[in-house]
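Same order as they appear, the protein sequences are chains G and S. Quick note on my numbering: the first sequence kicks off at 1 and runs consecutively. Quick note on my numbering: the second sequence kicks off at 71 and runs consecutively.
Calculated directly from the structure, the hints in this document are not laboratory data. Hints may contain errors.
Reference excerpt, derived from the structure (chain G facing chain S, CB under 7 Å, subset only) [stated by the list, open to error]:
1) Val19
2) Gly20
3) Leu22
4) Ser25
5) Met26
6) His51
7) Ile53
8) Phe54
9) Leu55
10) Gly56
11) Trp65
Listed next, the in silico DSS-like pairs over lysine-lysine satisfying Cα-Cα at most 25 Å (straight line) [claimed, not checked]:
12) G/Lys66 with G/Lys17
13) G/Lys35 with S/Lys172
14) G/Lys62 with S/Lys79
Quantities reported herein were computed from a predicted structural model and do not represent experimental measurements. Here a beta-carbon is modelled for each residue, glycine too, at the ideal position from N, C-alpha and C.
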Amino acid sequence: MKNKSDQFNDMKIGDTKGVGPLFSSMDPDLSITLKLRERTIDHLSFDATYHGIFLGEVFLEKDNWKTPWH
Amino acid sequence: MENTMALTKEVEKSLYKIADSLMVELTVLDGVVSGSQEVEVSTDIPDLKFKLTIKAKKMFSYTQTGVLFHVVGNLYVLVAHNPDVHNPEGGVSSAYLVDGSKCEDGGIMTPPEKLVARKLSLRETVDNLGAAIVASYFRKNAGAWSPLALVK
Chain G
1 MKNKSDQFND
11 MKIGDTKGVG
21 PLFSSMDPDL
31 SITLKLRERT
41 IDHLSFDATY
51 HGIFLGEVFL
61 EKDNWKTPWH
Chain S
71 MENTMALTKE
81 VEKSLYKIAD
91 SLMVELTVLD
101 GVVSGSQEVE
111 VSTDIPDLKF
121 KLTIKAKKMF
131 SYTQTGVLFH
141 VVGNLYVLVA
151 HNPDVHNPEG
161 GVSSAYLVDG
171 SKCEDGGIMT
181 PPEKLVARKL
191 SLRETVDNLG
201 AAIVASYFRK
211 NAGAWSPLAL
221 VK
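From just these sequences and the hints, can you work out the full model?
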């Protein structure tokens with residue numbers, strides 16, 4: 001069974017990945033961006049931004065997503 | 071939208087349009103706006119959702135009416151409305167994405183809500199927010215949003 005972190009195996013520290021729009025009615029083509037900040041064996045941390053504006057840190061820990069908004 | 075002070079018809083209409091833009095129910099009490107809305111944003115990654123609370127922070131009402139909302143982290147959105155007095159269904163809305171970390175007053179970092187004041191115009195408000203505005207949009211009536219080029 002694949003882990004959720006497998007989809008980020010190709011990312012290096014500092015790499016970015018768009019994960020979908022925030023205000024789709026205003027900017028359908030602009031994504032929230034996750035920038036890989038740290039990687040350990042069971043932990044990935046990302047900085048989430050939109051238009052370069054910092055939204056918060058997002059973690060993938062032991063195959064569970066954690067956001068500051070949960 | 072609940073109004074607990076006497077608002078002109080134009081201001082009332084503008085607040086309705088602003089509330090409708092972000093689907094936030096607004097209340098105005100003695101010129102102080104409040105209201106919030108929980109929003110869940112899905113992403114392209116299964117199981118990763120952003121749960122946001124869009125919260126009204128401050129309003130201004132001069133020739134146009136506008137409300138500053140906090141969305142998440144450093145992201146704020148200023149939504150303004152200019153009613154068309156000749157057309158009850160008309161008017162133009164504008165929206166401005168604001169980076170709260172870039173707001174300053176005389177070189178000193180300042181929360182964006184401190185740069186919005188009740189008796190300021192939209193132009194003055196946009197000037198106060200300055201470089202903290204990273205994108206802007208407008209729409210006529212209830213049409214689609216289009217990019218808006220700001221004259222700085």
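Structure-based check of each hint:
1. Val19: holds (4 Å)
2. Gly20: holds (4 Å)
3. Leu22: holds (6 Å)
4. Ser25: holds (6 Å)
5. Met26: Hint on G/Met26: holds, closest Cβ of chain S at ~4 Å, below 7 Å.
6. His51: Holds - the Cβ of G/His51 comes within 7 Å of chain S, reaching about 5 Å at its closest.
7. Ile53: The hint holds - G/Ile53 has a Cβ within 7 Å of chain S, the shortest such distance being about 4 Å.
8. Phe54: Holds. Min distance 5 Å.
9. Leu55: Since the shortest Cβ distance to chain S is 4 Å, the answer is holds.
10. Gly56: The hint holds - G/Gly56 has a Cβ within 7 Å of chain S, the shortest such distance being about 5 Å.
11. Trp65: holds (5 Å)
12. G/Lys66 with G/Lys17: Distance ~17 Å between G/Lys66 and G/Lys17 Cα, so the pair holds.
13. G/Lys35 with S/Lys172: Holds - the C-alpha atoms of S/Lys172 and G/Lys35 are around 20 Å apart, at most 25 Å.
14. G/Lys62 with S/Lys79: Distance ~55 Å between G/Lys62 and S/Lys79 Cα, so the pair is violated.
In summary, the one numbered hint that this structure violates is 14.
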